[in-house]
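Trainee: This is what each chain is made of:
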Amino acid sequence: MSGPLSSPLGTAVFSRRSLLAAALAGTALLTAACTGSDGDAADAVTPEQVDQLAAQVQVQEQLVSAYDQALAADPSLAAVAGPLAEQARAQLERLRAAAPGSTPSAAASTGAASTGAAAVEAAGARSWLRTQVTAAAAAHTAACPGFTGGRAALLGSIAAGLRGQQGQLA
Amino acid sequence: MADDGTTSTSASPTAAEDAALQEALAAAHAAVWGYGVVGAALPAEAREPVVAAERAHQDLRDQLTALLTSRQADPVDDEGGYALPFPVLSAGDAAALAVTLEEGASVAWTWVLDQATERSTRELAVAALTAAELRAVGWRAQAGRTPVTTPFPGLPA
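The listed protein sequences derive, respectively, from chains A and B.
Convert by adding 93 to the 1-based position in the first sequence; the result is the number in this note's numbering.
Convert by adding 10 to the 1-based position in the second sequence; the result is the number in this note's numbering.
So that you can see chain A by itself, here it is in the shape it has in the complex (with noise of 0.2 Å):
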């Protein structure tokens, strides 16, 4: 027997893979794309399309910020928890890699990003962190077909990635 087992999921899915991180990985091409030089027209973004990444950024900031403030509040979910949140970072970052000038915001560098969950109590701990990831997740979805070229294959890998999240805090 022969085929897609060993084609499209192999060798021709990590060619893609490459194409993808090739497209994915730094910020000159992007940068370069935005500011109308050379470079992929799938990756050209508009400046609402700037903005719509940079709000996207501050969704993550407030998620990363919110599996801190739940970690705080009931330790003992570091267990699920923590992998989950390192995973949110790893997302945050690269999201930051893919728009354009950003950095980190006032919000996220306090720590204090507006969850509105200033105080979580530990009971309710981790119900509230799985509806900040919901949230999470819902607006990447959202967003994500509004883009084109690598930032919404990002947005959009993201979202699923949250989705899957989401079920292991119920």
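It should be emphasised that the hints constitute simulated quantities derived from the structure, not laboratory data.
Since the model is a prediction, treat every value here as computed from it, not as a measurement.
Worth double-checking, as some hints may not be accurate.
[Claimed, not checked] Looking from chain B toward chain A, a few residues come up when the C-beta cut is under 8 Å (computed):
1) Val42
2) Leu77
3) Thr120
4) Ala135
5) Leu144
6) Val147
7) Pro161
8) Phe162
9) Pro163
10) Leu165
Just so it is clear, CB atoms sit at the ideal spot from N, CA and C, and this is done for glycine as well.
Keeping the supplied structure of chain A fixed, place chain B upon it in accordance with the hints.
Mentor: Just chain B, lined up with the frame of chain A:
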């Protein structure tokens, strides 16, 4: 004209998108076939998620076939047979194969997101990618993998 406002002098403004959709269709064909193997390796009482996953991939296969046909593209057929990436001899192997199938689908749909010019295609792709990752989370747990979640489904870690 694509919905991003671009025009093209080529025959089809959605040529790159269509090529990515063909890859997603090939992944759906492979998943439908692969879940047959997964189901055969699991006891009857554990097959409900297999049936649901197979149906989901069948639905996507049919949707993609219709979409490509509407664009005068010739949808790729399934293969007569597929090479398994490893022997499937146990329930754990079956879960691991299901993870491979869903992660393959995730790569294909992420590529669609990267290549799509039509907003409606990106909406379809993000929904399909999310569904594939949710299934993958369940199968990773059954396969004993940790962590069961991944931050970047379909993209390099």
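Trainee: Minimum Cβ distance from B/Thr120 to chain A below 8 Å?
Mentor: Interface hint status for B/Thr120: holds (5 Å vs cutoff 8 Å).
Trainee: Does B/Val42 pass the interface check with chain A, least Cβ-Cβ distance below 8 Å?
Mentor: violated, 11 Å
Trainee: Under the criterion of a CB-CB separation shorter than 8 Å, is B/Leu144 in contact with chain A as hinted?
Mentor: Hint holds; B/Leu144 Cβ to chain A Cβ min 6 Å, cut 8 Å.
Trainee: Checking hints one by one. Is B/Pro161 an interface residue toward chain A, by the C-beta closer than 8 Å rule?
Mentor: holds, 4 Å
Trainee: Double-check B/Leu77 for me: the hint is only fine if its C-beta lies closer than 8 Å to a C-beta in chain A.
Mentor: The hint is violated - B/Leu77 has no Cβ within 8 Å of chain A, the shortest such distance being about 16 Å.
Trainee: Closer than 8 Å between Cβ atoms is the bar; does B/Pro163 clear it against chain A? Give me holds or violated.
Mentor: This interface hint holds because 5 Å falls under the 8 Å limit.
Trainee: Let me know if the C-beta of B/Leu165 comes in closer than 8 Å to any C-beta of chain A, holds or violated.
Mentor: holds, 5 Å
Trainee: Should the hint that B/Ala135 touches chain A count as held when the rule is a Cβ pair under 8 Å?
Mentor: With a closest approach of 6 Å, the B/Ala135 hint holds.
Trainee: With a cut-off of 8 Å, does the beta carbon of B/Val147 approach a beta carbon of chain A closely enough for the hint to hold?
Mentor: holds, 4 Å
Trainee: Verify the interface restraint on B/Phe162: the C-beta must sit less than 8 Å from at least one C-beta of chain A.
Mentor: holds, 5 Å
Violated hints, listed in ascending order, are 1 and 2; each of the other numbered hints is respected by the structure.
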